[in-house]
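Engineer: Residue numbers for the sequence shown follow the UniProt record's numbering, beginning at 1 and rising by one.
No lab work stands behind these hints, which were simulated from the structure alone. Predicted model only: the values in this text are computed from it and were never measured. Certain hints may be false.
Computed spacing ranges between beta-carbons, pair by pair [to be verified]: (1) G77 x P41: 31 to 37 Å; (2) N3 x K114: 16 to 22 Å; (3) K114 x D24: 39 to 45 Å.
Cβ coordinates follow ideal geometry from the N, Cα and C atoms, glycine included.
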Amino acid sequence: MSNRHLARTMAMQCLFEWDFNKQDSSRLPEMIEYVKEEFAPGFDDAGYLKSQVMGVADHIQEIDELLERFAPEWNIGEMTNTDRNILRLGAYELKYDKKIPAKVSINEAIELGKAFSGDASGKFINGVLGAIYKDMIESGDIKEIDKAKENNEDK
Numbered sequence: 001m002s003n004r005h006l007a008r009t010m011a012m013q014c015l016f017e018w019d020f021n022k023q024d025s026s027r028l029p030e031m032i033e034y035v036k037e038e039f040a041p042g043f044d045d046a047g048y049l050k051s052q053v054m055g056v057a058d059h060i061q062e063i064d065e066l067l068e069r070f071a072p073e074w075n076i077g078e079m080t081n082t083d084r085n086i087l088r089l090g091a092y093e094l095k096y097d098k099k100i101p102a103k104v105s106i107n108e109a110i111e112l113g114k115a116f117s118g119d120a121s122g123k124f125i126n127g128v129l130g131a132i133y134k135d136m137i138e139s140g141d142i143k144e145i146d147k148a149k150e151n152n153e154d155k
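Using the sequences and the hints given, assemble the complete structure.
Structural biologist: As structure tokens, this is what we get:
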């Protein structure tokens, strides 16, 4: 398991607990430290785990609105806690983390869904995040890192 994949797995676990506990953000730093010590003691993620978890928490309203828009058959509260938080992490990376290419965000979210949720989760996550990314492209809201990747692929 790559370091970044491990950090995403721990971020998903933190978000799951945070969501289960009624999104009490005052406990997030404690949850992050607990998950790091429990699952990867001594792991240096250069602040990635904390950045991702706090980023989702800071943008939760916008992210949930985005998910409801692109998963019209599913109210955010009807999604499983696992799928909901994998989608939140993936959507955060797609929309707000300028350093992570969109395709990486989507693929990692799919892998988390396959590993931690039901059989259909990978397809569901792919469909929702793929629709968000397609909308970003159509609206010209594509990140610089994705533009650079597209330019390199065209050569």
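Engineer: Hint by hint, note whether the structure agrees.
Structural biologist: Verification of the supplied hints:
Between G77 and P41 the Cβ separation comes to about 35 Å, which falls inside the hinted range of 31 to 37 Å. Range check, N3 to K114: Cβ separation about 20 Å, and the 16 to 22 Å hint holds. Evaluation of the 39 to 45 Å hint for K114 and D24 yields a failure: the beta carbon distance comes to about 29 Å.
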